[in-house]
Amino acid sequence: MHEMSLAEGVLQLIEDAARDQGFNSVRTVWLEIGQMSSVEPEAMRFCFDAVTRDSIAEGAILEIIDTPGTGWCMACALTVPMQARYDPCPRCGSYQVQATGGTEMRVKELEVD
Amino acid sequence: MCTTCGCGSGETRVEGEAHDHDHAHAFKPLLGQGQLHYGLAHRQAPGMSQGRMVRIEQDILAKNNSYAAANRRCFADRGIFALNLVSSPGSGKTTLLVRTILALKGGLPLAVIEGDQQTSQDAERIRTTGAQAVQINTGRGCHLDAHMVGHAMEKLELPDAGVLMIENVGNLVCPAAFDLGEAHKVAILSVTEGEDKPIKYPDMFAAASLMLLNKCDLLPYLDFDVDQAIAYARCINPRLEVIRTSATSGEGMDDWLAWIMRGAATARGQGATGRG
Ligand SMILES: Nc1nc2c(ncn2[C@@H]2O[C@H](COP(=O)(O)OP(=O)(O)OP(=O)(O)O)[C@@H](O)[C@H]2O)c(=O)[nH]1
Ligand SMILES: [Mg+2]
Ligand SMILES: [Zn+2]
Ligand SMILES: [Zn+2]
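From first to last, the protein sequence lines stand for chains B and L.
All the letters of the first sequence, read from the start, carry residue numbers 1 to 113 under the working numbering.
All the letters of the second sequence, read from the start, carry residue numbers 1 to 276 under the working numbering.
Pulled out of the complex, with its shape left as it was, chain B reads as follows:
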């Protein structure tokens, strides 16, 4: 979805950090994108390149760390792996599963000059 606006969000965070920490260019950007975050990594790469053109992050390498989906099944009282946000529990089939991991979309770290 809307990777364009998300890529703009990434650039805003980079620009804020540049203002606070005084750097002039960005070599690498590490993003953490959960498997259940509904962000398509390939679309994100494409949009990031488009959005960062003529910016402080132009040409920066985008490293995407993908974190696996996990959920808490109330019926099993266990943490279970999840493929998609609204999937049933893979052990018992219950829909009472609360996503606990893999929903993040976060800017983790930058390598800058």
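These are computed hints drawn from the structure, not numbers from a lab.
All values reported here derive from a predicted model rather than from experimental measurement.
Don't be surprised by glycine CBs; every beta carbon is placed ideally from N, CA and C.
Among the hints, a few may not be true.
Covered, in the sense of this in silico footprint (three residues per stretch, anywhere, with C-beta under 8 Å from a C-beta of chain B), are these stretches of chain L [unchecked claim]: (1) 142-150; (2) 197-208.
Only some residues are given here: those of chain L computed to face chain B with a beta carbon under 10 Å [claimed, not checked]: (3) Q58; (4) N171; (5) P175.
A partial selection of chain L residues facing chain B, derived with a Cβ cut-off under 10 Å [as the list claims (entries may be wrong)]: (6) Q50; (7) D59; (8) I60.
Position chain L with the ligands against the provided structure of chain B, taking the given hints into account.
The following block gives chain L with the ligands in isolation, referenced to the frame of chain B:
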């Protein structure tokens, strides 16, 4: 108006005024002369020293979320009940709003923020009722964000303890992720869209507190399975409230109006406590 931020974004237009901001380019001069720009391959270049590492650890939507939090504080302080109406294009958001405003007339002060990619037709439709409306055109943007809504609020003279209706861009996907500071998202699903939409576009129905199942006057002509649609929606969001409506026949309007009145009363109470 509760916040001043002094910037805008991209192609967004609030009532036709461009709202430029240049922060995307603010650092460009620093990149100028004498600064080597290596482009994509630079990190692999042998012998290159490592750059400085800067920890960020922030959600990509952090910026939007902070604008949304500011809007929410503003609404709370002023006892304003704000709703974010989300749906696919043409589900009947504007028609429902017009009917709602006419029914509420005199009761509650109400204003509307209209979001569409282009045209101010929907804001004009709202103004024919006598209510205030501000049109936001998002250009290529497929959803409203909290920053746009904060600026649109500056153009409205909504009295304290009023109701703010925000009609989002018709899109079942993106508006789900962008908090505007509203009290609730209201998803409108029209019966001509098919009962499977809640499971095909789950984020929207997961984010909503209320679903209006609209165009129910057309049910006799369709195969639409109302119970299945509601079951699908509650599978995604067990707490979802549902009201069957028709913006043309008026079915369900009383329940919808009562729902708004209850929310407005709660918001007013909180605002009074905050101001008190
Ligand atoms: N039969 C019937 N038609 C409706 C109803 N509500 C809206 N419509 C019709 O549906 C069409 C779209 O309605 P709008 O109110 O413009 O829908 P919208 O959701 O605001 O559309 P966008 O802003 O373009 O996303 C219009 O032709 C309306 O007359 C309803 O309850 N029943
Ligand atoms: Mg409309
Ligand atoms: Zn989008
Ligand atoms: Zn289970």
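Exercise for the section: Run the structure past the numbered hints and jot down the numbers of the failing ones, going up. Expected result: Of the numbered hints, all hold.
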